[in-house]
Structure formats: C-alpha cells, structure tokens
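Enquirer: Sequence:
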Amino acid sequence: MKNRFIYIFIINAFLLLFLLFSCADTKQEEKEAILNWTNLDLTEDWQTGKTNADGIDPEKLEAAIEKVKALSDFYSIGIVFRGRLVKEVYNVGDSDRKYHVWSVTKSITSALVGQLIDSGELKDEFVTIGELYPGLNDSLKQTINIYQLLTMTSGIKSDDDFADYMSYPNPTDFILARDLDFNPGTWWGYTSAGTHLLSDVFRKISKQPIGKYADEHLFLKIGITDINWISDQQGNHNGGYGINIKLKDMLKFGQLYLQQGKSAGEEIISSGWIKKSTTMVIPFNSDQSWGYGYLWWIRKMNGELIYNALGYGGQYIMVIPNRALVVAVTSSSTAAADYLEDIYDSITNGILSSFSTLND
Numbered sequence: 237m238k239n240r241f242i243y244i245f246i247i248n249a250f251l252l253l254f255l256l257f258s259c260a261d262t263k264q265e266e267k268e269a270i271l272n273w274t275n276l277d278l279t280e281d282w283q284t285g286k287t288n289a290d291g292i293d294p295e296k297l298e299a300a301i302e303k304v305k306a307l308s309d310f311y312s313i314g315i316v317f318r319g320r321l322v323k324e325v326y327n328v329g330d331s332d333r334k335y336h337v338w339s340v341t342k343s344i345t346s347a348l349v350g351q352l353i354d355s356g357e358l359k360d361e362f363v364t365i366g367e368l369y370p371g372l373n374d375s376l377k378q379t380i381n382i383y384q385l386l387t388m389t390s391g392i393k394s395d396d397d398f399a400d401y402m403s404y405p406n407p408t409d410f411i412l413a414r415d416l417d418f419n420p421g422t423w424w425g426y427t428s429a430g431t432h433l434l435s436d437v438f439r440k441i442s443k444q445p446i447g448k449y450a451d452e453h454l455f456l457k458i459g460i461t462d463i464n465w466i467s468d469q470q471g472n473h474n475g476g477y478g479i480n481i482k483l484k485d486m487l488k489f490g491q492l493y494l495q496q497g498k499s500a501g502e503e504i505i506s507s508g509w510i511k512k513s514t515t516m517v518i519p520f521n522s523d524q525s526w527g528y529g530y531l532w533w534i535r536k537m538n539g540e541l542i543y544n545a546l547g548y549g550g551q552y553i554m555v556i557p558n559r560a561l562v563v564a565v566t567s568s569s570t571a572a573a574d575y576l577e578d579i580y581d582s583i584t585n586g587i588l589s590s591f592s593t594l595n596d
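Numbered by the numbering used here, the letters in the sequence shown go through residues 237 to 596 in order.
Hints listed in this document are in silico derivations from the structure and should not be mistaken for laboratory results.
Check each hint, because a few of them may be wrong.
[Said to hold, decoys possible] Calculated cross-link-like contacts (lysine-lysine; reagent style PhoX-like; alpha-carbon spacing at most 25 Å): (1) K334 <-> K511; (2) K536 <-> K511; (3) K448 <-> K484.
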C-alpha cells in the first residue's frame, strides 16, 4: 500500500512538472510572437493568429467586423496584430483579387522617393524642379521642390479636372504648362498631377520608370509579386493613383512602415524617411487631430498616432504603432460620402479599440 502511494505521488509530480513546463513553453512562444513582429521577413506568407489571443477583445472585434460587413460599399478588410494576420474578410472578391486602391498609390510613391534619397541618387527633398528641368522657363515653377510635391504645397493645379493629365501624350509638359493655383509653399492643395510629376522626376534621376524601380527595390523585397500599375503614354507609371494590389500585400506595405522600413533585418526604407513621412507637417485644424505628412494622412486620436494611406472611395492602409496594428480596407470606388464616414468611424472607434496598446 505504501509503495502504491509513493508511485501515485511520483506520477502526479511528473504530471505537474509537465504542465508547468508546457505552460512555460506556451508563454515563451507568446512572448516571442510579441517580440518578433518588429522584424518579420515580409517575403514570407502571413502567419495567422487567433482573435482570442492576448491583447484582443474577440467579442468587440467580431461586433465591429459585422458592422463593417453590413456597409453596402465594403469590399474587404485585413488586420495584422503583432505581426499575425488575425482577420481577412471579403464581401467582394477574394485573396487573389487585385483591388484598385487609387491614391493609396501616393503613399507608395512617397516610399520610393525616400528610397531614391536613401540611395544618394537624389540629394534630398529640397532639390528644385528648376534643377531637374533646366529648360523650364517659368521662374516661379522653377522654385517648386520635392518637399512641396510630397506635402501638396507646390501650387500645381488641383484635381478639379482629376485625370486629364493622363490623357496627354506628355503629361509632364501638360502639368508644367498650366498656371499654378498658388505660389509654391504658401498653401495646401490636393493634386494628383503634382504627385505624377514626382514619377517623372524619378524617371529622370533613376533612368527607369518608377514602377520598374519599385519592383526591384520595394515590392519584391517585401514579397509583393503580383501587382498592376497604370502608366502614361511615355511609359511612366502614375505617381498619383493607379496601383492594383491584393489585400494581403497592402498589409505588407503597412507592416514595412510599422517595422521602421526593415524586413528580416534588411533596410528597405530608412527609419529616418519613415519618421519624416509620417510626421504631421501640414495640420488641418487647430487641435492637430488631422493633417498631412509626405503623401500620408496623419491622424491623432486622443493623442494616439494613426497614419493612413487613403484612396478614393474608401481604400485604406492604416498603421497604428502604439498597438502594433495594421489595417487594410478596400471599397467600391463609387462609395458615397456617408459610407466614407461610416467605414472610418467603424475602424477607429470599433476595430482599433478591440486591440490593446503596447503598454497595456
């Protein structure tokens, strides 16, 4: 009888040790998952995560997702939290569909300009158009610099006649021939034409279309291998809009910014450019809750930074550093204004609050 009790005691002790070590291993795996999101290899497929993982309120998240799915112009949403794909929902299309993300393209153009500066091919963002186009005879336009093109303060004619420049045999000549809306650096005016001029600047310096450079130096570096980007009649890709991209690849671009421009330790974009791009340089209101960076829309909500690549009709890549969170959304390009308010409100007030901050 005594030996039997000893035997049972030993078995229970081993079981207890096994459970303790199993729990320790699980906790270590969770800890490593949290730590490793800062340096993912973005050429690899997304690892999936569970919505009941630490840091997620699953019931709140599901309720927010259902609200988004009920919106008539909603197409798809993907959410990456701490480096794991925790949500991927499609109302229209599927994981193989490439969505036209319109002006989300501008934020990608910003990244590519940063790479050109990082490489030393472009001195900095204060190089002027006059230096790059010595044949330009307009002394005022000669003063326009790359910084002003990045921050929408160049004065180049705004988007009242939206895509007209793409219909011309030489869009750059057309853009530079038009009168300015205001003197460079004195005002803010949203212009896709000005951003397309960045594409031509890029071509002049790199000796290749911006899209070709992007394939080698950006897209392939983060595992984006299937993308379409419309080009003008000169064969140069439109810097203002026109990228068609998969939802999960939108998330990769956002994650690259969250990781301060690195993938598996390799610097794709310098952290200095990431910071410049996502710093509010043009505030839109007195409390600075909304503003503009280098072709990124900057939001500060209750003191929390959210930077956004925004496209016509409700296309979004949102990066929320304090929550290690990236959200990508696609929508119908014919979406009405009230949809844009509803979808953004559903994300910021519903989905975001379902995830804890890094300090929680």
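Enquirer: Take the hints in turn and mark each one as holding or not.
Expert: Hint-by-hint comparison with the structure:
A distance of roughly 29 Å separates the Cα atoms of K334 and K511; the hinted pair therefore is violated under the 25 Å criterion. A distance of roughly 15 Å separates the Cα atoms of K536 and K511; the hinted pair therefore holds under the 25 Å criterion. Of the pairs offered as hints, the one joining K448 and K484 holds, with about 21 Å between alpha carbons and a cut-off of 25 Å not exceeded.
The structure is inconsistent with hint 1 alone, although it conforms to all the rest.
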